[in-house]
Amino acid sequence: MSPLLKEYLNKKVVIITTDGHSIMGTLEGFDKSTNLFLSTVQNNYKDGDKHKDSNNTIAIQICRGSEIVCCGVVSEDEKIQENLANVPGWTVVKGTKNIVKDEHLIWKEVWRQQNKDK
Amino acid sequence: MLFFSFFKTLVDQEVVVQLKNDIEIKGTLQSVDQFLNLKLDNISCTDEIKYPHLSSVRNIFIRGSTVRYVYLNKNMVDTNLLQDATRREAMSERK
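Residue numbers (this note's numbering), protein chains in the order written: chain A, 1 to 118; chain B, 1 to 95.
Read the hints as simulated data drawn from the structure, not as lab findings. Here the structure is a predicted model, which means the values were calculated and not measured. Quick reminder that beta carbons are idealized off the backbone N, C-alpha and C, glycines included. Any given hint could turn out to be false.
[Unchecked claim] If you anchor each label on the Cβ, the simulated ranges turn out as follows:
1. B/Y71 / A/D77: 25 to 33 Å
2. B/Q13 / A/E76: 21 to 29 Å
3. B/D78 / A/T57: 49 to 57 Å
4. B/E93 / A/T57: 43 to 51 Å
5. A/D117 / B/N42: 26 to 34 Å
6. B/M91 / A/T57: 36 to 44 Å
7. A/G20 / B/G64: 16 to 24 Å
[Claimed, not checked] Here are the simulated lysine-lysine pairs, DSBU-like style, with alpha carbons at most 30 Å apart:
8. B/K95 / A/K94
9. A/K6 / B/K95
10. B/K20 / A/K6
11. A/K101 / B/K8
12. A/K12 / A/K101
[To be verified] Negatives, chain B to chain A, calculated, CB over 10 Å:
13. F3
14. F7
15. N21
16. D22
17. I23
18. E24
19. S31
20. I43
21. F61
22. N75
23. D78
24. Q83
25. A85
Chain B extracted, bound-state conformation (with noise of 0.2 Å):
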């Protein structure tokens, strides 16, 4: 549940996408699921012309299970504090 929750904190945060299948999109977090499914609006494919099928689109829903990364600008994550709170989260599991 700690990446749902840290996903929630970067709603209306721009990010990139990348898909198992290599189709990178850009756009805005719109929102997210407990399956870490996203929405994104506004979004823009990286090479729009070998993807024409996402030329008419501008908010998706993309399944959690097919995403390969999420890149996120640096200035986004406290990554001291997310890993305390991973450790924390595995620490309290273990019990």
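So here's chain A without its partners, still in its complex pose (with noise of 0.2 Å):
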């Protein structure tokens, strides 16, 4: 069992996500896997030229374990709470998949190159 996140329920919380969104609600339950169960979600991301005023809230969601980088408490300090809500939309960061471009093309020049010689 995973008990690190007991201290975490019913708080704020800001989660990244393995593609790169992060989204920021209330953590009401998880477990083992580190399935999350959020209420009052918002995903507080910049989407293209959508900027985070469309404000879409979602009442609760649940996010998968393998899904989930990291999730922070927002610290209940209220200048805190003031300088991120000031953060201009947030920018969608890296994903954790790390994925070759055109990766084919590379094993196909491998392959290429292995039946040269027969």
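Put the complex together from the two separate chains, hints included.
Below you can see the structure in the form of structure tokens.
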């Protein structure tokens, strides 16, 4: 079991997902594979030219554990919260998958080189 | 289980964790579990301007599967002892 998230229950948390997006919400529950159950979720990222003013709040969201990078508890300090509100649209950070662009071309070349000798 | 025990000995020490999305987080290791999920306290991001998401966060839970590196201070680890222990564990698993 993973009791590490127990202290975060019913607190406001920021989550970064493996595709680089960030979500803010209240942590309602979790399980041992870090599936998270969130309420009053704000998808606080800047999506292309859409700004965060679009204010899409979702009542309840379940995040699959395999999609989660980290989960930070938002400081209760009011000053810090104010700063957070002023962040001009959160950028989408890099994902964790580190996909090699056009990887198939590389392997094609490798295959070609290997078969050249034959 | 060896590295779980190893990380437990590092609790309360300052470490830098690099994630697979290239974010680096410095903080005090608060706790660790069997999946090597880490909990850091008093964190600071090495590149705060680029990642404003974590500017309001002091205490963070990191899923073990997304960690690339954990940077440790040289004096935190007895490398010889660790090497010995890993070999012993590998031997006992083979039987």
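Kindly confirm whether 36 to 44 Å is satisfied by the beta carbon distance between B/M91 and A/T57. For B/M91 and A/T57 the Cβ distance comes to about 55 Å; the hint is violated.
Regarding the assertion that B/E24 does not contact chain A, is the least Cβ-Cβ distance greater than 10 Å? Answer for B/E24: holds, closest chain A Cβ roughly 12 Å.
10 Å cut-off, C-beta based - B/F3 kept clear of every residue in chain A: holds, 16 Å
Is the gap between the beta carbons of A/G20 and B/G64 within 16 to 24 Å? holds, 19 Å
Does 21 to 29 Å hold as the CB distance between B/Q13 and A/E76, or does it fail? holds, 26 Å
Least C-beta distance from B/I43 to chain A larger than 10 Å: violated, 8 Å
Minimum Cβ-Cβ distance from B/D78 to chain A exceeds 10 Å: holds, 26 Å
Against chain A, does B/S31 keep a CB gap of more than 10 Å to every residue? violated, 6 Å
Is the hinted pair A/K6 and B/K95 satisfied, with a Cα-Cα distance of at most 30 Å? Status violated; Cα separation ~38 Å.
A/K12 and A/K101: Cα distance at most 30 Å? With Cα atoms ~36 Å apart, A/K12 and A/K101 exceed 30 Å; violated.
Least C-beta distance from B/Q83 to chain A larger than 10 Å: holds, 29 Å
Does 43 to 51 Å hold as the CB distance between B/E93 and A/T57, or does it fail? holds, 50 Å
In this structure, the hints that do not hold are numbers 5, 6, 8, 9, 11, 12, 15, 16, 17, 19, 20, 21, in rising order.
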